[in-house]
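Participant: One letter stands for each residue in the lines below.
There are 2 protein chains.
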Amino acid sequence: MALIVHKYGGTSMGSTERIRNVAKRVAKWARAGHQMVVVPSAMSGETNRLLGLAKELAPATPGAGHYRELDMLASTGEQASSALLAIALQAEGLEAVSYAGWQVQVKTDSAYTKARIESIDDERVRADLDAGRVVVITGFQGVDEGGNITTLGRGGSDTSAVAIAAALKAHECLTFTDVDGVYTTDPRVEPDARRLKTVSFEEMLEMASLGSKVLQIRSVEFAGKYKVPLRVLSSFTPWDIDIEEEAKSGTLITFEEDENMEKAVVSGIAFNRDEAKISVLGVPDKPGIAYHILGAVADANIEVDVIIQNLSKDGRTDFSFTVHRNDYARAVDLLKDKVLPTLGAADIVGDTKICKVSIVGIGMRSHVGVASKMFRVLSEEGINIQMISTSEIKTSVVIDEKYMELAVRALHKAFDLDQPTA
Amino acid sequence: MALIVHKYGGTSMGSTERIRNVAKRVAKWARAGHQMVVVPSAMSGETNRLLGLAKELAPATPGAGHYRELDMLASTGEQASSALLAIALQAEGLEAVSYAGWQVQVKTDSAYTKARIESIDDERVRADLDAGRVVVITGFQGVDEGGNITTLGRGGSDTSAVAIAAALKAHECLTFTDVDGVYTTDPRVEPDARRLKTVSFEEMLEMASLGSKVLQIRSVEFAGKYKVPLRVLSSFTPWDIDIEEEAKSGTLITFEEDENMEKAVVSGIAFNRDEAKISVLGVPDKPGIAYHILGAVADANIEVDVIIQNLSKDGRTDFSFTVHRNDYARAVDLLKDKVLPTLGAADIVGDTKICKVSIVGIGMRSHVGVASKMFRVLSEEGINIQMISTSEIKTSVVIDEKYMELAVRALHKAFDLDQPTA
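Keeping their order, the protein sequence lines are chains A and B. For the first sequence, this note's numbering begins at 5 and goes up steadily by one. For the second sequence, this note's numbering begins at 5 and goes up steadily by one.
You can trust all of the hints, since none of them are fake.
Pairs count within a copy or across copies, as identical chains cannot be separated in the list.
Below, computed lysine to aspartate or glutamate pairings styled on EDC-like, alpha-carbon distance capped at 20 Å:
#, residue 1, residue 2
1, K59, E21
2, K201, D190
3, K59, E99
4, K59, E96
Don't read these hints as lab results, they were simulated from the structure. These numbers were taken from a predicted model, which means no experiment stands behind them.
The following block holds chain A by itself, in its conformation from the complex:
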């Protein structure tokens, strides 16, 4: 008998039939004696429909106040789905009440369309829970100091659910999605990929930032910061599966140092095909060149990921970095127009046919030789490494795009990720 938060995504809320299934699943948990808080997303397609209408009306260059109105607009999707879910819960014979973000004081800053949660007042929700009600709270939105509605950006309902779980000191936050957990790698690339029963929130952060789309990265940060046990599980299992079984399904994202010695050093293989590589060749090797090059790129609002600078030779060096593939052409033009002339570099070359493959694992912190094993495995497969980037819990390499699947499968096997763990 615990306080449990359920979060359901837009697909799970996509029709009245699906909303009815969500209500039945929540009712099962409530009848098992749990105090239930549910955070639903808008019905799938609804947010896009609303923002599409806004786009038809918006001026070419939106001025002051535009983003405030977008949030007024977009927040209605979650308010509607929350009310519908409360109605469906009532049809299951439960007492249920829905609240918009402002009604339970989900306080955020005023950064419209990408606000950050600052605090949540749990008083009203606790009173309802104590009175035996299921409480539905809109995801994705809050209210700022001035009483304006804000939204948290795409995927913000994940963050709402975790923040609400943190405020209520919930036993666990269950995020129901269209996947049944976090995998050692994408099963479409490696059929032997296994679901992880647990993953540390730091590993999950790396997975998320490396392109795994299971959870919004901010929700994982929040879970880590407030130590909210967060479980990812499938909303496509029948609603009436055994609750004990369901409570153990999916992947649990933990925030405690794993004391389990059997835990694998590497937890998963992530990959990302969305980047492109740019090299500035023959740069005079003198202080300030990194700033000279990357400052110009940053000024154009282009995000840079992996950066390497080769050893200098004859007073000149090559400087390489990766950007999102969508920014590639703009970045190359910018460098040719503004940086090449003033820097005295020889040339700008680029490559969009690359990919980034990463091994992720909290165990890497204390294990030497993990990175070198990765390089050996790739070398044995004849894969040339173009760039390397490392952190405490991941090692990433940039390689030719055509070797991506081969690299992922070889690494998955080499680090025994296809073997069941205890």
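With chain A's structure known, arrange chain B on it following the hints.
Facilitator: Same frame as chain A, now just chain B:
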């Protein structure tokens, strides 16, 4: 240079193209130097769509909390259309901000789905107006003392607009609809019907209660109570018509006693085909029979309109009244089952093929002979009057349905309503 409230119905907000036209019309008024507050309805069809989803999910017998959730749901339609209008106004180069009912403290009671406005805090709106912003306020909704969202019932946006105009002491509230004003009678029945330039709010109340659907009756009550000048005009004129012309168009509902001696005694002919007549025949004429009959009807939640009791003859009388046609069968069954046996009446007879025709005019109060002129005109047309009901500003007759058009046209002509007034 005045403070003006515009209200736009769902049809006027029905597409982004129409919302753009509303924005252009409001911008025209703002550029003429007026302080503008706009109250839009939800986009046409949206409220029905939302309530349709709720109906699919709702239990057969909705329990506690159901109507609260319906209001959470339905209120999103106006919030979305308000935000879209603010975005469209910004696209016209204006500063604009939209507020939901709770944000400007449109305080109501807690009667979900049919709440009544209790107060509006004008502070925030005034600050925006003084800063040169156009303020968009959601119609149809408010917030109760407990911070729950409420709605005012169908057509509630009219009431919202008038209440907001009252709170802000607006110069005028302009209600843009799909008709261009209030007519002396329905032009589909009498092609010579004329648009009234002004009509008193008491006359408008009678018109509204007699089936004219131009304005929700509560908005007229509100306008009368708070003396808000209320104008009904068309939203289908081109947005760029001359503002001086537009400001004088439509029909102005006034709250001041009309000092104009040229004003006609009768302002309009209203009619209603939705009623049915029921007669209880041979009722023993003793105290309490009206209560005995109508009490039973009222207990069954059936509303009664016109009531007459014939002169007694041989200690027995006939008692007749009208109900809404939808309630007719139920009322007759009820009377036959419960009232006939205990009352000792002879029979219950009824007629659904009747209609009610009324002459309405504030001038009737001080003019004798208006009602008798009505009866003479009908008599000259060979129309038999079945029932009569009078009030200070209207006289209604119940007649055979087949004479309705004839009666309306004859009265319209007899009271010179086809003649232009000064």
